[in-house]
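The two chains are supplied separately, each in an independent frame; assemble them into the complex guided by the hints.
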Amino acid sequence: MRTRFTVWDGAVYLAVLLLAILLLVLLTVSKTEGETLSVTCGGEITHYPLSQDRELTLENNGYTLTVVIRGGKASVDAADCPDRLCRRMGEISRSGESVACLPAGIYIRIEGGEANEADFIAG
Amino acid sequence: MKQTSSRDNFAESSAKRISLLAIFAAAAMMLSYLEGLIPNLLPIPGFKPGLANTAVTLALLLFGFGGGAAVSILRILLTGILFSAPTQLFFSLGGGMFSLLASAAGIRFAEDKLSFFGLSVLSAAAHNIGQMLAAWIYFGDAAILGYLPWLLMLSTVTGSITGALMHTLFPRLNSIIKKGYNHE
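Top line first, the protein sequences correspond to chains D and X.
With the numbering used here, letter number 15 in the first sequence gets 15, and the count goes up by one each step, no holes.
So the mapping is simple: the numbering used here equals the position in the second sequence, first residue as 1, plus 123.
Rather than coming from a laboratory, the hints here were simulated on the basis of the structure.
There's no promise every hint is true.
Estimated spans, in silico, between C-beta atoms of each pair [as the list claims (entries may be wrong)]:
(1) D:P49 to X:M153: 45 to 55 Å
(2) D:Y48 to X:E234: 51 to 61 Å
(3) X:K139 to D:R94: 51 to 61 Å
(4) D:I21 to X:M153: 27 to 37 Å
(5) X:M153 to D:T28: 35 to 45 Å
(6) X:K139 to D:E44: 48 to 58 Å
(7) X:P209 to D:Q52: 25 to 35 Å
(8) X:S136 to D:R94: 53 to 63 Å
(9) D:G43 to X:I196: 17 to 27 Å
(10) D:T28 to X:I300: 47 to 57 Å
(11) X:I284 to D:I21: 19 to 29 Å
(12) D:A15 to X:G263: 26 to 36 Å
(13) D:G62 to X:L292: 32 to 42 Å
(14) D:S51 to X:L292: 49 to 59 Å
Some residues of chain D that are not near chain X, with every Cβ distance over 12 Å (derived) [claimed, not checked]:
(15) E35
(16) S51
(17) Q52
(18) D53
(19) R54
(20) E55
(21) V68
(22) G71
(23) K73
(24) A78
Glycine residues also receive a C-beta, built at the ideal position from the N, C-alpha and C atoms.
Okay, chain X solo, but in the shape it has when bound (with noise of 0.2 Å):
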């Protein structure tokens, strides 16, 4: 990636690079668990916050495109295994790494275009977008797609909740664990 020069030299500290990625990974874990606690407000399948995907877009500003599939894909192997179904692991798959690469895409090529807002929803409409297609697969029913028009109106609202929370995140983050980083 090309703004990496600060993340390159911080990935030489490898150490602190897997733990601070352990932190991000369980953290992502937790916004999964939590958000699974709220009950579904709307009788759409597949609809939820998103909130775990702060942390995956957050770790991949921080950490660069390695440390955000890490953060990303531990998450869903670990939800998957301690708390749902082996179905819902590879819907969650499907929509983890769309949301994934969208991000990153986001980052690579509009960094200096958008906003958390708008890489925010991107993300949460490539999540939608896996996830259904995912499901396709599994259903064998194209019929199954007819859930993604409100998914999609909906990941701009969830889309800005999630962007919201990056936004007010990214600086403060950002400044200790560079911070902390130069104190060695």
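The shape of chain D in the complex, shown without the other chains (with noise of 0.2 Å):
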């Protein structure tokens, strides 16, 4: 390898993050309100209505979490994973806004609302 910083590293460096900002650009979580809460749990996807306030127990990998839906918004309110990442994700309420939980592998995702067409569209 070389030893010094050369223009091929910076090369990389750059593709990168291009391919970074085009993602992003192409990934675009809309800015609608979604209608449904889908949930991704040992293989299973259930849906859920946002507009009825619920709390929902999973448990995958031997791990349990608890999805509380209040107010048109989803959160994971408990979680008894390694990291406790998705409870720091907050609450998520758009079209296409998620919280995925790695170790427990169960995954959530707001859908519907005008925008899943526009999604379409944009590709």
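So this is what it looks like as structure tokens:
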């Protein structure tokens, strides 16, 4: 390997950052409020309306998560997974927003709202 | 590999090679474990410093592709079984294989062009791509890729840190290992 930073190193940094920006533009989360919460847990997908407040207890991979739907927003309220990142990701309510808990293999995502059509058009 | 005459030579001493690879695999495992103890600073799933990649990339350089692959796979399987959930094993396998191939390709095709910084960022970015593709397959939802841009931006930072580590470690390890071999 070269012992000093080369122009090729710079090209790698630039390419990675450009790819990040490109993906950011392509995957922008819409600003429209969503209608349903889709919950992926243990290979099963379940949908819940956001209009109805409720508390869900999800179990997968030996971890338990509590997902709360309140006032049209969803969040992970309690988790016994090692990093508890899912709790710190806060509330989601806009179409396309999501919270993933990798250790538990649980993924929640907001769907619906007018934004979905626009998402299809954007690709 | 073209520049491997010394590596091939070295590979002849198989007992020594196996012992050294075991040390590298153990080091990779410990680095994985240690970085698991650091609280995640950012609310982005899959973000980590990637210290274990130091051991994998150095093994690729010192022992060729088979050596690096062995260290990477052993590290993923052992940490997966001992410290984490099966789902995470799948994600880290996706990331691990992508970064292994990226490092190997970087060494094979651009050893004379890249420093450890470029090589390590390439490998870190590939890890994130592989990890998120695995998550996409697992969750069946492309929206999980929404984390990828942030992970890629961070990979230039984490890749630089591990690159600096490799830059410091490689000349020392190289001389220790080669010297030990010549003395026999």
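Verification of the supplied hints:
Distance hint check for P49 of chain D and M153 of chain X: the Cβ-Cβ separation is about 48 Å, which falls inside the suggested range of 45 to 55 Å. Between Y48 of chain D and E234 of chain X, the C-beta spacing of about 53 Å keeps the proposed range 51 to 61 Å intact. Distance hint check: the CB atoms of K139 of chain X and R94 of chain D are about 58 Å apart, consistent with the given range 51 to 61 Å. Restraint check, I21 of chain D to M153 of chain X: a C-beta distance of roughly 36 Å satisfies the suggested window 27 to 37 Å.
Under the hint 35 to 45 Å, the C-beta atoms of M153 of chain X and T28 of chain D, about 40 Å apart, fit the expected range. Remark: the range hint 48 to 58 Å for K139 of chain X to E44 of chain D is upheld by a beta-carbon distance near 51 Å. At roughly 33 Å, the beta carbons of P209 of chain X and Q52 of chain D sit within the given window of 25 to 35 Å. The hinted window of 53 to 63 Å between S136 of chain X and R94 of chain D holds, with their beta carbons roughly 60 Å apart.
Checking the proposed 17 to 27 Å range against G43 of chain D and I196 of chain X shows it holds: the Cβ atoms sit about 26 Å from each other. Distance hint check for T28 of chain D and I300 of chain X: the Cβ-Cβ separation is about 49 Å, which falls inside the suggested range of 47 to 57 Å. Checked against the given bound of 19 to 29 Å, the beta carbons of I284 of chain X and I21 of chain D, roughly 22 Å apart, stay inside it. Separated by about 29 Å at the C-beta atoms, A15 of chain D and G263 of chain X satisfy the suggested range of 26 to 36 Å.
Taken as a hint, the range 32 to 42 Å holds for the pair G62 of chain D and L292 of chain X, whose Cβ atoms sit roughly 37 Å apart. Hint check: S51 of chain D to L292 of chain X, Cβ distance near 57 Å, so the stated range 49 to 59 Å holds. No beta-carbon of chain X is positioned within 12 Å of the beta-carbon of E35 of chain D; the least distance is around 15 Å. Remark: the non-interface label on S51 of chain D is consistent with the geometry, its nearest Cβ contact in chain X lying 21 Å away (cut-off 12 Å).
No Cβ of chain X approaches the Cβ of Q52 of chain D within 12 Å, the least distance being about 23 Å, so the stated non-interface status holds. The Cβ of D53 of chain D sits about 24 Å from the closest Cβ of chain X, beyond the 12 Å cut-off, so the non-interface label holds. At the 12 Å boundary, the C-beta of R54 of chain D stays outside the reach of chain X, the nearest C-beta of that chain being 22 Å off. Every C-beta of chain X lies more than 12 Å from that of E55 of chain D, the closest at about 22 Å, which supports listing it as non-interface.
No beta-carbon of chain X is positioned within 12 Å of the beta-carbon of V68 of chain D; the least distance is around 17 Å. With a minimum CB-CB distance of about 21 Å to chain X, G71 of chain D clears the 12 Å threshold, and the non-interface call stands. Every Cβ of chain X is farther than 12 Å from the Cβ of K73 of chain D; the closest lies at roughly 16 Å, confirming the non-interface assignment. At roughly 16 Å, the least C-beta separation between A78 of chain D and chain X is larger than 12 Å, which holds for a residue marked as non-interface.
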